[in-house]
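Chemist: In case you want the letters, here they are:
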Amino acid sequence: MLTPLIKKSLPPLLVLFFIMGIHYFITYEVLDPTRRFLLPPPHSIIYEGFFIPKHRDEILRGLFLTTRVSFIGLGIAFLIGFSTALLMSQAKWIERSLYPWAVFTQTVPILALVPIIGFWFGFDMLARIIVVVIISIFPIIINTLTGLNGASKNLHDLLTLHNASRWTRATKLMIPYALPDMFTGLRTSAGLAIIGSIVGDFFFGRGSPGLGMLLKVYGSRLRTEELLSSTFVACLLGVTVFWSFSYLGRKLVGHWSESWSA
Amino acid sequence: MTEKIITFENVSKSFGSITALENVNISVDHGEFMALVGPSGCGKSTILRIASGLDSPSSGSIDTTTKKVGYVFQDSTLMPWRTVRKNVELFAELEFIDREVIKKKADDIIELVGLQDFTDHYPIALSGGMKMRASLARSLVLEPELFLFDEPFGALDLITRGRLNVELMQLYNSKKFTSLFVTHSVEEALFLSSRVLVFSGRPGTIKGEFKIPFKYPRDTEIRYTSEFAELSGDVGRILEKFS
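Here the protein sequences come in this chain order: A and B.
The letter at position 258 of the first sequence is residue 530 when you use our numbering, and the numbering goes up by one with no holes.
The letter at position 76 of the second sequence is residue 68 when you use our numbering, and the numbering goes up by one with no holes.
Bear in mind the hints are in silico, worked out from the structure with no lab data behind them.
Computed from a predicted model, the values in this text were never measured in an experiment.
Careful, some of the hints might be misleading.
[Stated by the list, open to error] Partial list, computed: chain A residues near chain B (C-beta under 7 Å):
hint, residue
1, Asp329
2, Asn426
3, Leu427
4, His434
5, Phe504
[As the list claims (entries may be wrong)] 25 Å max Cα-Cα, derived DMTMM-like pairs, lysine to aspartate or glutamate:
hint, chain 1, residue 1, chain 2, residue 2
6, A, Lys444, B, Glu135
7, A, Lys444, B, Asp47
8, B, Lys207, B, Glu179
9, A, Lys444, B, Glu92
10, B, Lys78, A, Asp429
11, A, Lys364, B, Glu92
12, A, Lys444, B, Asp90
13, A, Lys425, B, Glu143
14, B, Lys60, A, Asp429
15, A, Lys425, B, Glu135
16, B, Lys60, B, Asp99
17, A, Lys444, B, Glu85
18, A, Lys523, B, Glu179
19, A, Lys444, B, Asp100
20, B, Lys78, A, Glu301
[Said to hold, decoys possible] Label pairs and their computed distance ranges (CB to CB):
hint, chain 1, residue 1, chain 2, residue 2, range
21, B, Thr58, A, Ser531, 37 to 43 Å
22, A, Gly422, B, Gly225, 42 to 48 Å
23, A, Thr275, B, Pro31, 35 to 41 Å
24, B, Thr(-1), A, Leu359, 39 to 45 Å
25, B, Pro72, A, Thr432, 18 to 24 Å
26, A, Leu359, B, Ile214, 46 to 52 Å
Ideal Cβ positions, reconstructed from N, Cα and C, are used throughout, including at glycine.
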């Protein structure tokens, strides 16, 4: 008999085995032995990355730093994004004034901006956090705003009939209504935050080395095993964060929201 | 002379170049159940919005003697993050009524509409009919003197709709709140109300008025009497002519 957990994790595991099969095939059958360094077999990637203490410590430390920058940045992006959305929801003219600039954060070529941010704010934590905020704030603003504006006209009318203040309208209707969309935004932004901190790291190339810097160092030294294992760790971090926010969303609004109920 | 709860005098309403209502005169007596029947877009909902104070007439005047207005929409407009109880308590909460008083009241009303087994359920778990009962309960908590119904049962299946008609009729019979009830259904209007106003299509004007003679509480059987059928025919003919 299969427990639900096994039932759920079996299909993606099968895909993993399939991909690993292709991986082994390419390493041993396609690549010439002299060129095998281009794609080392999975077991040596795992061995070099996670069983050699020096590499493992480097990667774990990078993971920690990347996670820290991502979360601080995401937290700040949430505070700014939520406040901005709330402000925008209070009057059409505020929404019209701010909307294009919110889109701007999404379309700005972040790679071009990274060096300037470095010049202005140095190459440490602060600059990395700023990159994370810029890259992750848009989905939070847009999704929260959609939610805040989503409550039906009838419900608004009912509050009007009972002389609800702006504050009451926001706290009793608009914000609770926006929660499911807000979590959707946060979930998207969390993934972007990690990408942001890795991109920042990669291009600053100085200061405290997170995963991005490791990728750069391993890449320049043609250390394919460590490069791939730290890439894998970065992906894993993204998946974990995405999954955590899904879980959080289901826990907090899943009992009443159609879109978050399991 | 009976007290008038609300009076419309030569009320017209236009939105831009569209005239929704033209020269509407209505006066609703205290405790009267008035139904407004008419084709879609004839401005019946606008009448309710004006009656509630959410909208004001473009010309003409209205006069109300009560501020205690209940408003029920076709959509139950429950807050999905609140349980049935918390939804029912909402309006009392907005009016800053004492917590203990609210609780007691909500309990009574929830029982009155037959939702006592669903008090702590969220709307997501309720059927359409139950949501509508909760929506009615929410308005009943404040004991409105004027109840505005905007096609409250329009989205329900016929069986549920018939059942809720009976329940609403019984509620009205025991509480005698003054009502303005907008509907497309002639049968519903005749079964519930003591007076029916028939509206033409846009711009909405009153084309007919019927006193409904059946005594409250009404038996469902009246729907199958010849008197009911005759009235229904009279209303239907006017609707057909002016829609």
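Chemist: Confirm or reject each hint.
Modeler: Okay, the hints, checked on the actual structure:
no. : hint                             : result
1   : Asp329                           : violated, 46 Å
2   : Asn426                           : holds, 5 Å
3   : Leu427                           : holds, 5 Å
4   : His434                           : holds, 4 Å
5   : Phe504                           : violated, 39 Å
6   : A:Lys444 / B:Glu135              : holds, 22 Å
7   : A:Lys444 / B:Asp47               : holds, 23 Å
8   : B:Lys207 / B:Glu179              : holds, 16 Å
9   : A:Lys444 / B:Glu92               : holds, 20 Å
10  : B:Lys78 / A:Asp429               : holds, 19 Å
11  : A:Lys364 / B:Glu92               : violated, 39 Å
12  : A:Lys444 / B:Asp90               : holds, 18 Å
13  : A:Lys425 / B:Glu143              : holds, 16 Å
14  : B:Lys60 / A:Asp429               : holds, 15 Å
15  : A:Lys425 / B:Glu135              : holds, 24 Å
16  : B:Lys60 / B:Asp99                : holds, 21 Å
17  : A:Lys444 / B:Glu85               : holds, 10 Å
18  : A:Lys523 / B:Glu179              : violated, 46 Å
19  : A:Lys444 / B:Asp100              : holds, 24 Å
20  : B:Lys78 / A:Glu301               : violated, 66 Å
21  : B:Thr58 / A:Ser531: 37 to 43 Å   : holds, 40 Å
22  : A:Gly422 / B:Gly225: 42 to 48 Å  : holds, 45 Å
23  : A:Thr275 / B:Pro31: 35 to 41 Å   : violated, 59 Å
24  : B:Thr(-1) / A:Leu359: 39 to 45 Å : holds, 43 Å
25  : B:Pro72 / A:Thr432: 18 to 24 Å   : holds, 20 Å
26  : A:Leu359 / B:Ile214: 46 to 52 Å  : violated, 57 Å
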